[in-house]
Every structure is written in structure tokens, then in C-alpha cells.
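Student: Here are the chains, one letter per residue:
2 protein chains.
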Amino acid sequence: MSTPLPLRLSAKASRTADSPINALIAAKLANPDLVNFAAGLVDEATLPVDEVAAITKRLFGESRRGQRALQYGTAIGLRELREALIAHLERLDGRHVGDLGLSADDVLVSTGSQQALYLIADVLLDPGDIVITANPSYFVFTGALQSMGARVLAVPMDDEGMDVDAVERLLEQLQAKGELARVKFVYCTSFFDNPTGLSLSTPRRRQLVEIVRRFSTSHRILILEDAAYRELGYDGAPLPSIKSFDAENQFTIITQTFSKPFAPGIKLGYTAMPPDLLDQVLRQKGSHDFGSSNVCQEIALETMTDGSYVRHLEVLKNEYRRKRDATLAALRANLTETAELHWTHPSGGIYVWLTLPKHVNTSREGRLFERCVKYGVLYVPGAYSFHPDAQGRTPNHHMRLCFGQVTFEEIAPGIERLAGAIKEEMA
Amino acid sequence: MSTPLPLRLSAKASRTADSPINALIAAKLANPDLVNFAAGLVDEATLPVDEVAAITKRLFGESRRGQRALQYGTAIGLRELREALIAHLERLDGRHVGDLGLSADDVLVSTGSQQALYLIADVLLDPGDIVITANPSYFVFTGALQSMGARVLAVPMDDEGMDVDAVERLLEQLQAKGELARVKFVYCTSFFDNPTGLSLSTPRRRQLVEIVRRFSTSHRILILEDAAYRELGYDGAPLPSIKSFDAENQFTIITQTFSKPFAPGIKLGYTAMPPDLLDQVLRQKGSHDFGSSNVCQEIALETMTDGSYVRHLEVLKNEYRRKRDATLAALRANLTETAELHWTHPSGGIYVWLTLPKHVNTSREGRLFERCVKYGVLYVPGAYSFHPDAQGRTPNHHMRLCFGQVTFEEIAPGIERLAGAIKEEMA
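Note that the protein sequences, when read in sequence, are chains Y and L. Here the first sequence is numbered in my numbering, starting from 1 and rising by one per residue. Here the second sequence is numbered in my numbering, starting from 1 and rising by one per residue.
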């Protein structure tokens, strides 16, 4: 075969790096007995197989329902599903729909919440535009932002989540530099985030809405609230959404998913957003796929309305809570928390975030990673989730542990291996 | 509620028009008894409800299979499905996989073929880049191209499909102007196309591959072959794909779908393409949705392997052939073909394309469209599918009729209404 002439790629393609996860998958393939704390997958044993068996039996047992499920849908998504979802958002926030300025017409059903994040970014961002996020934050989305040529500016976070005072200071600086017009949105994973497992505190939620309102002088600066893990809360009272502080549905977008609380295989997300933004997003969705799978939407509608969604979520939460507890117990049993070595104690989600002494390099190319692969345990290097600071430095002494996909039985031995490798590295 | 401040949109959003179809849907809603020859939907009665009932019963009756279907997948798609699809492409072309330079590793599974078209365009096109297509051509995709800022240059077509000599002349002109570097691909709906129902003849297929090879001097000019309707052929010998004339898998991409030959509701397409292009497309797909629904992919895999796909396709083809025949018979019974008034006689697909005398305006805003709505029949104005010629003129005396969604019984009265409106307009 002759060597082909090169392709001439778009600027966007040239800006798009290969997923860092591919390098991790290669390590996993080399040792299939690895305990995989890297994969951001969900617990396989608790996937709702019986529930979906019952649902599909009903759906395809009826000729009219079955036909509707197999026909084309609309770009915005099935009306009955959007109505069920808006009622679901109401319940989660304990607010009436009117108080949120929302109706089913403001909800988009998308091919996973990832697609909604992408479409929203795509209708707002030109190369050079600015998105503000926390450091660290969800790297698949910030990778997409970079492929669009956006400037991702990150503010620090602490146990209460994103430092919203730092957001305010950053906006002041950008205003002083005449760059406020380039700021399109603040991206915030507000519940049990990826990668730290931490949530934005309630006062900061209110404050963040006030801040974007205040700096919206000639155009709206939006908040994109990624609430993928919202429903996986294990202790404490549920937090209100950032969106619930925006009574007129003008400044905030909330996106949620069926992937974490139900099943990734139906690949559905849903997003409530201001109507003028939704109008633009729908045009793009028309170009992408003119509507997500109707089969999946009908399954989602059924599980929301037949009670199985809520019942299954309780099963899931009990299992994840048990795994979260096992992960934290194993860390405590094998490592001593200090000012230099500590980890988050998340009250929900599927992630624990470890901070190691600064001289311990957790990167894919480092000695610790290789040692862990040898011992049979995998993590995600923290550097993937960080943005360089003003000096261009990216911390590389953190790691993300996901207890989503590992089995309960794997957790103790997996953490023991990990702790062994860390202690050798620190010795 | 206060009037919100404006959003500051991206250049792409500003280039994206609302779908013209929305204007048609509004007409439909105003008169629910309309015979709808406008909707490009499939025949509802023949959707494979029983087949999918049996498949989902098997899938979710087995705990391991069910779990796999409900878990995350990979960006490229389920391996077993890609293997079944490459074997399917082999059968359609009657060629061994080696002769096509293809393996399952060259196949992407996407959220409908529309997503694949979008992703391919997105990794290749910057604003000002050139795509060559036929006049008329599939307007949803050319709309997406325009939203990316591409220049869509259209060549004429006749009963043998796109005029490939005109493609060659256009490339010569672009070369003379020094613009060859901006030409990224030729888009061709090669089988029973949308909107005309016509196919590219075999000699032109071979010739088109030779032309892009010849003009690929410093970079590869690709052919994007949209074969959505390929399997819906009703008479005559099957045509080889354009892709089958590119033995090294360097210059051609073929995209097919489950929507037309099986069911739109599973929203799956598949595309074989050169490996260096696939690598780029996968990076973008990682940003869009990191993999299409596993539930849908498992349904597709089952129907490809349990024999139901091929069996169901025969049922579908018989029904569509009957509707095609009824449409052509009704046109013949109600209108007389002349040099000025004629229609295509497609041997496959779901569209018939009518050419009316030049003074008859078929546009959405014209008198004929309103008359048709009044009489209870809907069509797609031809202008949606045309690109302006060198003088900026767009023909507006054509219409697309789709016999996909209408029932067999609606066809004769629907065409009678349409013909009545046309005759009044011509009188």
C-alpha cells in the first residue's frame, strides 16, 4: 500500500488532542487483573437489567408504543419525557416550576449530558473566548473547550467547591483588561464533582448567580451547572441547584444525566436552559443528529413514570455508599492523613481525590504510575484535571480514584496495593 | 419578567439558520388531515416492533448481556457490531474485505449517519473551505456545512446522478485560481438520493474516484459517499459503492444507517473511512458523546446476526415498492408528462422529484404551497435542496415528494389533491 498523501485538517481538529484516557486503557490491557480505580464507569452489578427487561417488554408488546419508539423523534426530545423531567427537577429542588421560570419547553433531551455540554459551548464560543472553571475540573469537557479554541481560566477550589470570590476577582481583572465581552460562561460541576467528589456550598451557589448577574453588563454571562452526580448523594441534606437561584431562567443552565443514576447504555442527558439559548442549541442539534434515540427516550420515560427509577436509585445509592465507605476505610487503614498527604471525604458521587506530598509525581510517565501498574492498581493522574496556573505550572501530585466500576471486594486489596506503592515512593 | 440581556453567540451559531422544516411542520399542525408527502420519515406500519420485542427479551433476559448493554461503550463502537457491519458492506459490494482495504477497525458506529457526516465535516472544514456537491442535494447536511462556514459549490445532475465531468471542470477552475488547497471533499448521495431518488451511474462512480485522485496533489481530496438509502432498491441490479473503486481506503468514505432499512428509533449509523481520518473523527466523538448508546448497538448487533435484519428488509422493500408504484401511477393518472412538467422514476428510496414549468413557484411563501395546504397535501419546496448558481439564482419550480411515511391508502387521494392544485396554478 502506498503512503497516502496527508489530510488537510480543520483548525479545530488540529487543536484536539487524543484522549489521555487512551494511554490508561493501554496500561489496563497490559494487565487485566488490575484493580481499576481509573475508569469513570458505573457499578455493573447494580445496572437495572430487570427493570429494562420489564420496560422493553411493555414498550414493544404494544404495537403503537413500539412504533413510536422505533420512529424518528424531534430535536428537542419526547414531550412526555420532558414533562416528567421538569417535574423531576422540581422535586429535586423542592420548588414549584413557576418559581424556577421553567417549563417542559425549556428542557432539551440529548445524547448523554456530554452532548448538551458540547452544543452549549459550540453556540457560545469562538476561538479566544473565555470559560471560567475550577481547578481541578472535568477534563473531557475542558478538552472539548480547548478544541474549540476557548481560553479556560481556572480558579482554585476548597472543601466548599469552586472559590467564587476568586471568580469575582477574575472577572474584575478581565473587566479591567477590557476582556469581559469574551467571557461566555462559568462551568461548575456543582454536586460531588469529577474529580474531587466535592460540592459547591449553598451560600456560594447563591453568590455565584449574583456575580454573573452583576458582571452581565452588555451580554449575559451564563453559569453552566453540570449536575451529573447530583442524585448520588449518600449523607446530609440535599443541596439546592445553582439554577434554583435564577428565578427567571436567564443566567443558568443545568444539565443532568441518566448515565449515573440509571444506566449509561441509554445515553441520555437532559438540560434546562434559557429559551433563547435553547433555540440556538436546537439548530445545532439539528445538524448533529436531529434528535436522540427514541427507543432510549421511551425507556427513560417508562422508568420515570413506573416508579422503577426512584426505586432503583435507592439500590444504587446503598451500593455506592458501601463502596465509598470501604474506599475511605481502606485509605485510613493503609495511609496516615497529614498536611501533605490527604484525601477528600465525599458525601456523594463516585470519586475520591488524593493529594500527595509535592515531590511525589503521579503522572502517567512517572515512577509511581508504573509501580502501581506492576502492583495491579490503576488511577487517573491528577494533572489531567488541572489547568496551568498563571506561571504555566500544572500540579502533578494528585490522583483521582473512582470506586464506581470496581467491585466491593476489590476495594480493600486495591487500596492496599496503591498505598504500598505510595509509601515506597515516599520512602 | 424583565427582558433579558442578549446572549453573545459564536460565529457558527450566527451562521446557523433555523431548519426550514419547522415552517412546514407549522403548516402540518394547522391541518392534521393533510396527506404529508413532506416528512422524510419512514413507513410506520412496517417498523420492526415484533423483531425488537424478541431481541430485547433476549438481551435483557440475560444478566451479562443486559449489563453490557446498559454500561458505557467506546467512542468507535461495539467490536462485534463493527465486525458484522464490515461483513455486511462486503456482501453489499460482493467484494472481499481485503479488496476494499477495510477491516472492522476502519468502521465508526455513530448516533445516526448524520452524526458521522457532521464529525467528518468538522475535522476537515475551516470557514472558507470548499465542498463540492450536486444540485439539488440533501439540505440538512448542506445546512450543517454552511453553519461551519464552508463554501458549498454545486454541479448539475441528470438521470445518472451528479455530473462528474462538471466536478472535473470545477476542480480545474479552482486549481487555476489557486484554490485547490481549500477543496476538502465531494459530497455525494450515491443511491436513490434525497431529494431526487436518483443514483450515480457505475461509470461515474469509477470516474469520480479517478478525478479526486488526480486532483489530490498536495493533500487528499476525499469523497463522502452518503449511502443512506442504498438498501432500499426495488428494481434492477444493485450498484457497487463509490467506495468499492478505492481499493486502498484512502480517498473515500461511505456512511450508511439503520434508520431507513431498519428503524430510525435506534438512531445508529456506521461509516467506513481511511484510518487517519477515523483517528481524528474519534477525537471529536470523544468530545460529543464518547460513544453511541450501547442499548441501541446491542439491538443492532442482534438484528444483524439473528437474521431478522435481512428478513425485515424484504418486508420493507415490498411495502415501499408498492408505495413507489402507487405514487408514480397516481402522478400518471392525474398529470401529463411534458418537457416542462415531469418527475423522476426512482428505482429505490422514498422520494420522487417533480419539475414544474418555470413560472410555477413551489416555495413555502408561494400560492401553490398555500393552495396545497388548503386542499390537504404537503410537499417540500425544491428550493430548500438547491444551491444558488454562479448568478446567485435558486430554481423554485421543483418539489420533493416522500412516500415514506404516508400510508398506501393516502397516496392516490393525496396526489389527486396535489395535481389539482398544480393544474389550477398552471391554468
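It is worth saying that the hints were derived from the structure and are not from the lab. Fair warning: there could be bad hints in the mix.
Copies of the same chain look alike in the list, so a pair counts if it fits in one copy or across any two.
With a straight-line cut-off of 25 Å between C-alpha atoms, the simulated SDA-like cross-links for lysine to any residue are [what the hints assert, rightly or not]:
no., residue 1, residue 2
1, Lys323, Gln67
2, Lys317, Arg64
3, Lys423, Val310
4, Lys57, Leu313
5, Lys323, Gln71
6, Lys57, Gln67
7, Lys317, Ser63
8, Lys57, Asp306
9, Lys317, Gln67
10, Lys374, Pro156
11, Lys323, Ala84
12, Lys423, Ala176
13, Lys423, Asp276
14, Lys323, Arg64
Student: None of the hints should be skipped; say for each whether it holds.
Tutor: Hint-by-hint comparison with the structure:
1. Lys323 / Gln67: Close across copies (19 Å), not inside one copy (41 Å); limit 25 Å.
2. Lys317 / Arg64: between (35 Å within a copy, 21 Å between copies)
3. Lys423 / Val310: neither (42 Å within a copy, 59 Å between copies)
4. Lys57 / Leu313: Close inside one copy (21 Å) and across copies (23 Å); limit 25 Å.
5. Lys323 / Gln71: The answer is between: 18 Å across copies meets 25 Å, while 40 Å in one copy does not.
6. Lys57 / Gln67: both (14 Å within a copy, 17 Å between copies)
7. Lys317 / Ser63: The answer is between: 20 Å across copies meets 25 Å, while 35 Å in one copy does not.
8. Lys57 / Asp306: Both: 13 Å inside a copy, 19 Å across copies.
9. Lys317 / Gln67: Cα proximity of lysine 317 and glutamine 67: across copies only (18 Å, versus 34 Å in one copy).
10. Lys374 / Pro156: Intra 34 Å, inter 63 Å, cutoff 25 Å: neither.
11. Lys323 / Ala84: Result: close neither inside a copy nor across copies, 30 Å intra and 38 Å inter.
12. Lys423 / Ala176: neither (47 Å within a copy, 68 Å between copies)
13. Lys423 / Asp276: Cα proximity of lysine 423 and aspartate 276: none, with 54 Å in one copy and 43 Å across.
14. Lys323 / Arg64: Between copies only: 21 Å across, 42 Å inside.
In terms of the numbered hints stated before, the structure departs from hints 3, 10, 11, 12, 13, listed from lowest to highest.
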